[in-house]
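Chemist: These are the residues of each chain, in order.
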Amino acid sequence: MPLPYYVSPEQMMKDKAEYARKGIARGRSIVTLEYGEGILLVAENPSTLLHKISEIYDRIAFAGVGKYNEFENLRIAGIRHADVKGYSYSRGDVTAKALANAYSQALGNIFTQDIKPFEVEVLVAEVGDANGSKSEIYHILYDGTIEDERNYAAMGGQADEIRRFLKDHYREGMTLNDALQLGVRALTVTQNKTLTERDLEVAVLDRTKARRKFRRIPLEALSQLLGTAR
Amino acid sequence: MSDERWRSLFSDYSNSSFIDLLRRESPHLVPGGAPTPLPEIEPVHGTTVLSVRFRDGVIMAGDRQATAGYQVASRRIEKIFKSDELSGVGIAGAAGPAMEMAKLFQTELEHYEKVEGENLSLDGKANRLSQMIRMNLPAAMQGLVVVPIFAGFDEKAGVGRLFKYDITGGRYEETNFDAQGSGSKDARDSLKKLWKRDMGRDEALRVALEALIDAADEDVGTGGPDLVRGIFPSVKTITRSGFGDVPEDEVRRVCEEILSERTRAGNGA
Numbered sequence: 120m121p122l123p124y125y126v127s128p129e130q131m132m133k134d135k136a137e138y139a140r141k142g143i144a145r146g147r148s149i150v151t152l153e154y155g156e157g158i159l160l161v162a163e164n165p166s167t168l169l170h171k172i173s174e175i176y177d178r179i180a181f182a183g184v185g186k187y188n189e190f191e192n193l194r195i196a197g198i199r200h201a202d203v204k205g206y207s208y209s210r211g212d213v214t215a216k217a218l219a220n221a222y223s224q225a226l227g228n229i230f231t232q233d234i235k236p237f238e239v240e241v242l243v244a245e246v247g248d249a250n251g252s253k254s255e256i257y258h259i260l261y262d263g264t265i266e267d268e269r270n271y272a273a274m275g276g277q278a279d280e281i282r283r284f285l286k287d288h289y290r291e292g293m294t295l296n297d298a299l300q301l302g303v304r305a306l307t308v309t310q311n312k313t314l315t316e317r318d319l320e321v322a323v324l325d326r327t328k329a330r331r332k333f334r335r336i337p338l339e340a341l342s343q344l345l346g347t348a349r
Numbered sequence: 002m003s004d005e006r007w008r009s010l011f012s013d014y015s016n017s018s019f020i021d022l023l024r025r026e027s028p029h030l031v032p033g034g035a036p037t038p039l040p041e042i043e044p045v046h047g048t049t050v051l052s053v054r055f056r057d058g059v060i061m062a063g064d065r066q067a068t069a070g071y072q073v074a075s076r077r078i079e080k081i082f083k084s085d086e087l088s089g090v091g092i093a094g095a096a097g098p099a100m101e102m103a104k105l106f107q108t109e110l111e112h113y114e115k116v117e118g119e120n121l122s123l124d125g126k127a128n129r130l131s132q133m134i135r136m137n138l139p140a141a142m143q144g145l146v147v148v149p150i151f152a153g154f155d156e157k158a159g160v161g162r163l164f165k166y167d168i169t170g171g172r173y174e175e176t177n178f179d180a181q182g183s184g185s186k187d188a189r190d191s192l193k194k195l196w197k198r199d200m201g202r203d204e205a206l207r208v209a210l211e212a213l214i215d216a217a218d219e220d221v222g223t224g225g226p227d228l229v230r231g232i233f234p235s236v237k238t239i240t241r242s243g244f245g246d247v248p249e250d251e252v253r254r255v256c257e258e259i260l261s262e263r264t265r266a267g268n269g270a
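For the record, the sequence lines run as chains A and B.
Position 127 (the first sequence) corresponds to 246 in the numbering used here; numbering is contiguous.
Position 192 (the second sequence) corresponds to 193 in the numbering used here; numbering is contiguous.
Mixed in with the good hints, there may be bad ones.
Said to hold, decoys possible - Heads up, simulated SDA-like pairs for lysine to any residue below, C-alpha to C-alpha not over 25 Å straight-line:
| no. | chain 1 | residue 1 | chain 2 | residue 2 |
| --- | --- | --- | --- | --- |
| 1 | A | K186 | B | G118 |
| 2 | A | K253 | A | D297 |
| 3 | B | K237 | A | A329 |
| 4 | A | K204 | B | V31 |
| 5 | A | K204 | B | N16 |
| 6 | B | K104 | B | R25 |
| 7 | A | K328 | B | E156 |
| 8 | A | K133 | A | D233 |
| 9 | A | K328 | A | E268 |
| 10 | A | K328 | B | T240 |
| 11 | B | K83 | A | R199 |
| 12 | A | K204 | B | E119 |
| 13 | A | K328 | B | E119 |
| 14 | A | K186 | A | L169 |
| 15 | B | K83 | A | G205 |
| 16 | A | K204 | B | G97 |
| 17 | B | K165 | B | E101 |
| 18 | B | K104 | A | R326 |
| 19 | B | K186 | B | R172 |
| 20 | A | K328 | B | E79 |
| 21 | B | K165 | B | Q143 |
| 22 | B | K193 | B | T264 |
| 23 | B | K83 | A | D212 |
As the list claims (entries may be wrong) - Sample of chain B residues lacking proximity to chain A, with all beta carbon distances greater than 10 Å (derived):
| no. | residue |
| --- | --- |
| 24 | P44 |
| 25 | V45 |
| 26 | V73 |
| 27 | G125 |
| 28 | M136 |
| 29 | M142 |
| 30 | T176 |
| 31 | G222 |
| 32 | L228 |
| 33 | E249 |
| 34 | I259 |
Everything labelled a hint here was simulated from the structure, so no lab data went into it.
Source: prediction; values computed, not measured.
Where is the CB? At the ideal position from N, CA and C, for every residue including glycine.
Take these sequences, add in the hints, and give me the full structure.
Modeler: What follows is the structure, given as structure tokens:
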């Protein structure tokens, strides 16, 4: 039996990380912004059927970049986690923090144990109450690294440039319209093209809504929102 | 390499079902499990719920009383539950298992909607509820009977529809109205006389409340409008634009109208 080649663990991790990063860099980006009444999620996604942004639970949303089948798997796992937890305890006990930790564990395990790491980054956002509890945004990387972000987050191929742009332009307490304009500008900051409503997938966690805060912004409403400030 | 790994993905038909997920992951949380002989207890019973079709959709209404034997267990129990934006379920029978079922059903529909990205059809929802009632059959044989009414707005057909069930999970679509629970016979008799085709919302609301007041009149388990405590039936409408509450003030006003008309007529109707 031929002996397998020896690869140092260091080299192996490096190779895996590079592989995952390359896969993610090919995909289009997503930005998330807190605005006055909630959290806005904007993805560059020409498909109207294959979603990158989704509802997980009453106040929790999910976004994924990279390989569709991989983050779709994570999305469904997240919905299952949340629904079972909310059914056995109470709806208020389902938190983004627990979910983000579960994602971090799962991605960390896959990264170290499987030959092929997941080529994804995911984001879990939870909108705070009107009575002042803070919104939470968690960003989980392909190797299980977890970061909690403030006010805004970006992921995907051009995430660094987008984050720099948002750092300079983000203001607290924006209206939905302003936040959307800023989000779309951020997505185009590295490209020489304008994005129309047909290239975008937009959803919000709107804290003024009753129970389920997640709401997709349909095409007509989106073109209106983008059109008014033009 | 064997292709077992991906083949199983295609045979997993219940990927979007919350109930099946619960059965796999936390079987102890699934209601209606193994039958255990009930000792001599009086489970709490919800009494009368009804549903009436009108021009724009359906109205669901229920009294607020729960009984345990000949005792009032609760005066302000809620029996009409929103199952999703376009449907609701009214529960009658053993209150504990029935509320559990309403909660499970609501999670089931929401789970499907989130995983699949679209809603189940109204027939799909009605069928799912019928399977859940069948799951409860062992408990029903021990006396914990749950028989809901399910009503909703069918987006494809553009009309309101309503379904009744029996304890075995049998599902029967009713065209115009139905009632369930201990006062259901009296409510149905009343609806039979008052129901008209193409009623507007206000007229349908009045018909529903008349029927509930009749049920409370004849059936000891059903609670009537309680003017002293200010407790009135709960009434919901389900139309194209969604599931909505009829405000309590409006229910109170219509109840008072009906009662004072009956007083004036002097017949107690």
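Chemist: Take the hints in turn and mark each one as holding or not.
Modeler: Evaluation of the provided hints:
At most 25 Å may separate the alpha-carbon atoms for a hinted pair to count; A:K186 and B:G118 meet this at roughly 19 Å. The suggested pairing of A:K253 with A:D297 holds, with an alpha-carbon distance near 21 Å, which does not exceed 25 Å. Under the criterion of a C-alpha separation no larger than 25 Å, the hint pairing B:K237 with A:A329 is consistent with the structure, at around 17 Å. Using a Cα cut-off of 25 Å, the hinted pair A:K204 and B:V31 holds, with the two alpha carbons roughly 14 Å apart.
For the given pair, A:K204 sits about 18 Å from B:N16 by alpha-carbon distance, which is consistent with the 25 Å threshold. Straight-line distance between C-alpha atoms of B:K104 and B:R25 comes to about 18 Å, which keeps the hinted pair within the 25 Å bound. The straight-line distance between the Cα atoms of A:K328 and B:E156 is roughly 23 Å, inside the 25 Å bound, and the hint therefore holds. Distance hint between A:K133 and A:D233 is fulfilled; the C-alpha atoms sit about 14 Å from each other, no more than 25 Å.
This hinted pair checks out: A:K328 and A:E268 have alpha carbons roughly 24 Å apart, not beyond 25 Å. For the proposed pair A:K328 and B:T240, the alpha carbon gap of about 19 Å is at most 25 Å, so the pair holds. Using a Cα cut-off of 25 Å, the hinted pair B:K83 and A:R199 holds, with the two alpha carbons roughly 21 Å apart. The straight-line distance between the Cα atoms of A:K204 and B:E119 is roughly 22 Å, inside the 25 Å bound, and the hint therefore holds.
Note on A:K328 and B:E119: the hinted pairing holds, with a Cα-Cα distance of about 20 Å set against a maximum of 25 Å. For the hint pairing A:K186 with A:L169, the CA-to-CA distance comes to about 12 Å; that is within 25 Å, so the pair holds. For the given pair, B:K83 sits about 17 Å from A:G205 by alpha-carbon distance, which is consistent with the 25 Å threshold. In summary, the hint linking A:K204 to B:G97 is supported, as the alpha carbons are separated by about 20 Å, within the 25 Å threshold.
Our distance criterion of 25 Å between C-alpha atoms is met by B:K165 and B:E101, whose separation comes to about 18 Å. Proximity of B:K104 to A:R326 is assessed by CA-CA distance (about 23 Å); at most 25 Å being required, the pair is judged to hold. Our distance criterion of 25 Å between C-alpha atoms is met by B:K186 and B:R172, whose separation comes to about 19 Å. With a C-alpha separation of about 22 Å, the suggested pair A:K328 and B:E79 falls inside the 25 Å cut-off, and the hint holds.
Taken as a hint, the B:K165 and B:Q143 pair is honoured in the structure, with Cα atoms around 21 Å apart against an allowance of 25 Å. Pair hint B:K193 plus B:T264 holds up; C-alpha atoms about 22 Å apart against a cutoff of 25 Å. At roughly 21 Å between alpha-carbon atoms, B:K83 and A:D212 fall within 25 Å of each other, so this suggested pair holds. The Cβ of B:P44 sits about 22 Å from the closest Cβ of chain A, beyond the 10 Å cut-off, so the non-interface label holds.
Every beta carbon of chain A lies more than 10 Å from that of B:V45, the smallest distance being close to 21 Å; the non-interface claim holds. The Cβ of B:V73 lies farther than 10 Å from every Cβ of chain A, with a closest approach of about 27 Å, so its non-interface assignment holds. The beta carbon of B:G125 sits about 18 Å from the closest Cβ of chain A, which is more than 10 Å, so the claim that it is off the interface holds. The Cβ of B:M136 lies farther than 10 Å from every Cβ of chain A, with a closest approach of about 15 Å, so its non-interface assignment holds.
For B:M142, the shortest C-beta to C-beta distance to chain A comes to about 25 Å, beyond the 10 Å cut-off, and the non-interface label holds. The claim that B:T176 is not at the interface with chain A holds, since no C-beta of that chain comes within 10 Å of its own (minimum 32 Å). Against chain A, the non-interface label of B:G222 holds: every CB pair exceeds 10 Å, the least being about 30 Å. Look at B:L228: its CB is around 30 Å from the nearest CB on chain A, clear of 10 Å, so calling it non-interface holds up.
For B:E249, the condition that its CB be more than 10 Å from all CB atoms of chain A holds, with the nearest at approximately 17 Å. Under the 10 Å C-beta cut-off, the non-interface status given to B:I259 relative to chain A holds; the minimum distance is some 31 Å.
Consistency note: the structure conflicts with none of the earlier hints.
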